[in-house]
Each structure stands twice: as C-alpha cells, then as structure tokens.
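Colleague: Starting from the known structure of chain A, arrange chain B on it as the hints suggest.
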Amino acid sequence: MAISEVKVEPAVLPGERLRVRHTPLTWLRGGGLTTLLFCLPMLIVFGLFSWYPIVRTVVMSLQHTNLVQAPTWVGLDNFRAVLQDPLLPTAVKNTLYFAFLALIFGYPIPLAAAVLMSEVRKRRGLYSVLAYLPVVIPPVVAVLLWKVFYDASSLGAFNTILGWVGLGPWPWLQSAQWAMPSLVLEATWANAGGTVIIYLAALTAVNADLYEAASVDGAGLWRKVWHVTLPQLRGVLLVTMILQIIGTAQVFLEPYLFTSGGPANSTLTVLLLIYDYAFGNSLGGDYGKATALSLMLAVFLALFSLVYLRATRSWSEE
Amino acid sequence: MSDERPPALITPADWRRPVVRFGMGGAQAALLVLLIVIGLGPILWLAKSAVTPTNDTISHPMGLFPHGFAWGNLREAWVNVHVGLYFWNTIVIAFGSWLAQIVVATTGGYALSVLRPRYAKVLNALLLTTLFVPAVVLLVPLYIEIVKPPLIHHSFIDSYWAIWLPAAASAFNVIIVKRFFDNLPREIFEAARIDGAGPFMLFWKIVLPMSKPILGVVSVFAILASWKDFLWPLLVLSDPNKQPLSVRLPSIQAQTSLGVFLAAMFIACLVPIAGFLIFQRSFLRGNGLGGAIKG
Numbered sequence: 005m006a007i008s009e010v011k012v013e014p015a016v017l018p019g020e021r022l023r024v025r026h027t028p029l030t031w032l033r034g035g036g037l038t039t040l041l042f043c044l045p046m047l048i049v050f051g052l053f054s055w056y057p058i059v060r061t062v063v064m065s066l067q068h069t070n071l072v073q074a075p076t077w078v079g080l081d082n083f084r085a086v087l088q089d090p091l092l093p094t095a096v097k098n099t100l101y102f103a104f105l106a107l108i109f110g111y112p113i114p115l116a117a118a119v120l121m122s123e124v125r126k127r128r129g130l131y132s133v134l135a136y137l138p139v140v141i142p143p144v145v146a147v148l149l150w151k152v153f154y155d156a157s158s159l160g161a162f163n164t165i166l167g168w169v170g171l172g173p174w175p176w177l178q179s180a181q182w183a184m185p186s187l188v189l190e191a192t193w194a195n196a197g198g199t200v201i202i203y204l205a206a207l208t209a210v211n212a213d214l215y216e217a218a219s220v221d222g223a224g225l226w227r228k229v230w231h232v233t234l235p236q237l238r239g240v241l242l243v244t245m246i247l248q249i250i251g252t253a254q255v256f257l258e259p260y261l262f263t264s265g266g267p268a269n270s271t272l273t274v275l276l277l278i279y280d281y282a283f284g285n286s287l288g289g290d291y292g293k294a295t296a297l298s299l300m301l302a303v304f305l306a307l308f309s310l311v312y313l314r315a316t317r318s319w320s321e322e
Numbered sequence: 048m049s050d051e052r053p054p055a056l057i058t059p060a061d062w063r064r065p066v067v068r069f070g071m072g073g074a075q076a077a078l079l080v081l082l083i084v085i086g087l088g089p090i091l092w093l094a095k096s097a098v099t100p101t102n103d104t105i106s107h108p109m110g111l112f113p114h115g116f117a118w119g120n121l122r123e124a125w126v127n128v129h130v131g132l133y134f135w136n137t138i139v140i141a142f143g144s145w146l147a148q149i150v151v152a153t154t155g156g157y158a159l160s161v162l163r164p165r166y167a168k169v170l171n172a173l174l175l176t177t178l179f180v181p182a183v184v185l186l187v188p189l190y191i192e193i194v195k196p197p198l199i200h201h202s203f204i205d206s207y208w209a210i211w212l213p214a215a216a217s218a219f220n221v222i223i224v225k226r227f228f229d230n231l232p233r234e235i236f237e238a239a240r241i242d243g244a245g246p247f248m249l250f251w252k253i254v255l256p257m258s259k260p261i262l263g264v265v266s267v268f269a270i271l272a273s274w275k276d277f278l279w280p281l282l283v284l285s286d287p288n289k290q291p292l293s294v295r296l297p298s299i300q301a302q303t304s305l306g307v308f309l310a311a312m313f314i315a316c317l318v319p320i321a322g323f324l325i326f327q328r329s330f331l332r333g334n335g336l337g338g339a340i341k342g
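Line order of the protein sequences matches chains A and B.
Per the numbering used here, residue 5 is the first one in the first sequence, and the count goes up by one each step.
Per the numbering used here, residue 48 is the first one in the second sequence, and the count goes up by one each step.
Just chain A, with the same shape it has in the complex (with noise of 0.2 Å):
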C-alpha cells in the first residue's frame, strides 16, 4: 500500500489537494458510510445476479454438476463432449443460417423505412407508431399468433392470402426447408420497429448543411442519399448490425416455440441445444455441457465483436 501512494502523489497537481492521508475516519466523516449505503442494492444485486454468475459460469464449465453429488473437477471434458456432439454442426450451421437471413431481411428494410419516414411532413409520428406497434407484443404472443397465421392447410391465414393470388398452399413450418425463413420473417416482424427508431433519431443529427452543400453541387436525391445520408448514418449502421448479430446468435423464442427446433432438426439453434443440455431431460440437467457451450459462444461474440470493431473501425472513423 506504501508503494503505491508514493507512485500516486506525484501525479497530483500540487495545491489541488491539501489532504493527501485517507484514514477510516476521514471517510467517515466524509460522508464514505452513506456513499457505500448509496451503492449497496447495485453491489448486491450485480454481485449475486451478475458477476458471481459470471464467474460460476466459467468455474461450472470445468466441473461435473448435477445438483445432487457435489461437483467434481472434470477439467476441458464437457468442452470436448460437447464438441464430439454430432448435434453442434446443425446448430452453429441453422444459427449462421438464422443470422444471415435475419440480416438479408431485417438489415436493409428499416434503413430504407426510416429514411422515407424521416422525410415525412405530415403525422410523422403515426409512422413511427406504426412501425413500433409489433415491438411492444409480447414475443411469446407473436410467435404463436404467427404459428396460426403460418397454418400449413390451405385454410391457414397465410395461405389463403397465397390462394387469392392462385398461389400455395405452402408448407411454412412443417417443411426443413421453409421453417427457418418462417421464423426470420416473423423475428423481422417482431424487431424491425426498434431499429426503424434507432435509425430515425440518428438521421435527425445528420447535419442539414451537408444536404444543403450537395444541393448546390448539383447532387439530385439518389446521390444525397448515397453520399451523404448513408455516410453519416455509418456509425449507428455499424452498430446495429454487430447488435443484430450478436442478437440473432441467440435466438431462442422462436424455434422453441415455433418448431422446437424440428422439423429434422431444421431450426436447431445454438441456444436451444444449451436449453436441451440443461433443461431439456427431465431426469437433471448437464450443467456441464450447457456452460461450456454457452462460454464457447460468448467467447466466440466477444472475439467476432473484437475483430469487427478493428476491421471497421478506419471506416467509421473516418
């Protein structure tokens, strides 16, 4: 402690502080007793329900615990089984699957949205309103609202809207191959909004000299927005997509409910065989597996996170 006040003090301007000493009762009489009293729910409830969890996560990956035996030490164990599990390729492919069609569908669409919307004279809030309204469902309502629109008879609500067309019927959910853009059209239902709103309060900070400038240099819309719009919308257009990948990495809701990962294990998803290994056998969960799964996805946002951040990072700072 000595050495570490040495090293601290001369980094202090001298005169800026005249106490330099810091006894239990200066801090004290301080007001230190209140300041702690102040912090204590946050340090209880982030100790117990944020950092010790994430702590125990990491210490339960290497174990082997049933709630029952104590724990034993397993070492990297439950990182191999899970590994040598035949069911892991479905699920990381059916996951980059549901990411990549969740940003072919759900990328562009708000940004275009948005954009026409800012633009909007009149009653531009029932716009927004509008867009909004899925996000405040209640996701469990959603899905299963969804599930009754994709009824595969041609007496489902989707399909006799395909029948007006002479389409259809089609199999929605209970084909492998249509399950999975089944749930990402209605995630994108579900999601869409709050990005529209994430995009036009961004779009209000774009500088309107620019549009001013570009007018004068003979920039017609298609080029104001090209140049100009999307420039400056960089930043947020950056984060969005790493949130929405890293949202979608997750996603749990809908294949559960929708197609408990079926059919043919079409909609497998990571986090739902993280749910299986835990939760899904009624005679006790392993919890085992389940953390080292979950580290391993953390771990691989955290690393695609960090090189997405350093790839793009010239771009938007630019």
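Hints were generated in silico from the structure; no laboratory data involved.
Just so you know, even glycine gets a beta-carbon here, dropped at the ideal spot from N, CA and C.
Only true hints are included.
Incomplete in silico selection of chain B near chain A, CB under 10 Å: (1) W62; (2) V67; (3) V150; (4) A167; (5) F179; (6) V187; (7) P188; (8) N334.
Below, computed lysine-lysine pairings styled on DSSO-like, alpha-carbon distance capped at 30 Å: (9) K259(B) to K275(B); (10) K97(A) to K151(A); (11) K95(B) to K151(A); (12) K289(B) to K195(B); (13) K275(B) to K97(A); (14) K259(B) to K168(B); (15) K151(A) to K275(B); (16) K195(B) to K275(B); (17) K151(A) to K289(B); (18) K252(B) to K168(B); (19) K95(B) to K275(B); (20) K275(B) to K289(B).
Listed next, with one range per pair, are the computed distances between beta-carbon atoms: (21) P173(A) to P113(B): 16 to 26 Å; (22) H200(B) to Y101(A): 39 to 49 Å; (23) A180(A) to G72(B): 38 to 48 Å; (24) L40(A) to A272(B): 22 to 32 Å; (25) G34(A) to P232(B): 19 to 29 Å; (26) A272(B) to R227(A): 37 to 47 Å; (27) V169(A) to A77(B): 13 to 23 Å; (28) V303(A) to A272(B): 25 to 35 Å; (29) L91(B) to R127(A): 11 to 21 Å; (30) Y101(A) to A182(B): 18 to 28 Å; (31) W226(A) to V194(B): 50 to 60 Å; (32) L313(A) to H200(B): 37 to 47 Å; (33) W226(A) to A272(B): 34 to 44 Å; (34) R122(B) to A74(A): 49 to 59 Å.
Modeller: Positioned in the frame of chain A, the structure of chain B alone reads:
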C-alpha cells in the same frame, strides 16, 4: 422525437418538382399502407378473431367480418382458463421488477454520478463489462443459484424474488440514469449542500424530482421487458398458479379451443399496447436513447 425537425434531405423547392412530389409522396403513401397492414394488421386480426366463433376463424381466417360474435370467448378465457389469475401474476411480477430496477438504478446512478466515491471508477468498469457479456452466459449459473443458493439452504424456485432481483441487475439502466444525473446542473447540488441538505435529502428532494423524464423511460422499458419475458419465468416458476401469462399461453393453446386461445392472447396484448399508446414518447425516445448509448 423528430416531429419538429423540418425534413432536410428533400427541400421545399424539391417538393415543388412533380417528380419528387409524386415519386416521394407515392412512396410514403405506400409505406403508410404497408405499415398499417404489417404493423396494425395482425393485431386487428387478433382482436377480430378473439370475438369470432372458433369454427368461423378456422374456415374463413381472412374474412373481414365474422359470422356472428362470440363474446363468450373472452369470458371463458378470463374465468375458465384462469387468464385473470395469470394476468394478475404478470402484473405482480412486472411491478416488483419495476420497483427493484428503479431502486437499484437511481441509488446506483446517484452514487456514481453525484457522490462519486473513489471506487466509482472500478464500479463503472465492472458495470460496463456486464454489458458485453451475453445473457446466455448467465442462464444456467443463475438457475443453479436460484435452486441452490449459496449459504442459504432454501430454494427460491416458485418465489417471485427469483424474478424481481435478477431483473434489477441491469447495467444499462444504471448507466443511462447515471448519464442523466451527470447532466443535471451541479450548482443546484452545491446550493442545496450549502443550505444544509445531506446526501439523502439531495437524492430525494432534488435529484429524483428533476429526473422524471429518465425515470419514465426506465419504468416503461422495465415493465415492458417484464411483460415480454418468457424463458426466465418458465425456468424459475414451476407452479402454474404462479406463472405469468407469457409462460401459460403455450399450455393454454393445448387446453382450449382456438377462439378462447386467441382471446387469451388478445388479453395479453392489451396492457403493452395501451401503455405504448399512452407513453409513446417515452418508448420512442428511450429506444433512440438505446441506440445512442450502445453507439
């Protein structure tokens, strides 16, 4: 929100050009129709089908007008399928989660922003790191902690505390509240201190009353998130009589007719939609805020 800002991409002069007026105006009108169909359509369909006889919904799912009404669907869902009970459970869970989040976010934000102890930097860093940890990492260890808490030999399964308290561990809440407090004028705090206000008085009489906008945003998102939550209540509440609507709905589907099930889903939507329409400013601003902070 952006309602007051004059549109900048297209100037008034542009709007006078017929190409822009018809092209852009047409695109915007098309977008409005699309938004009504996509955003409002499914909800209107649910509302219609909730009071339509099951047979009619099955045979004519896209019929605009039902053949006869079945108001009984709503009553049967509320009473016989116990949606009333699950609705109440949902409210109790949402209220507790809201209270816990407000207490933690305001006291924590106040300590980090106004009181600023020497360890504030460490706490800030610890809070920020939790933002980067995906939620899935917490799932299993949190569940084990609820089943077998350390030191206490008492399972918290089927206790609402198992939902309320973990909900409060939201670093996002603490950080946006702290940022709001950071922007409050320091002169007022100094004046209050000179007048003899202690930290508690300063918190209760000055900081909180000045923070209504951010408390509104945090409240709205706390309640909505709790209303939407599915997996965590499913794991920690095994007694059906304690489960919220979102957890019960998939089981209700198996127990009852389509009409009653749709009525139950409609009831589950009412509070979030009504809340959104009443507090839309907080919702829309809060969502934009989320983007700003994550950025």
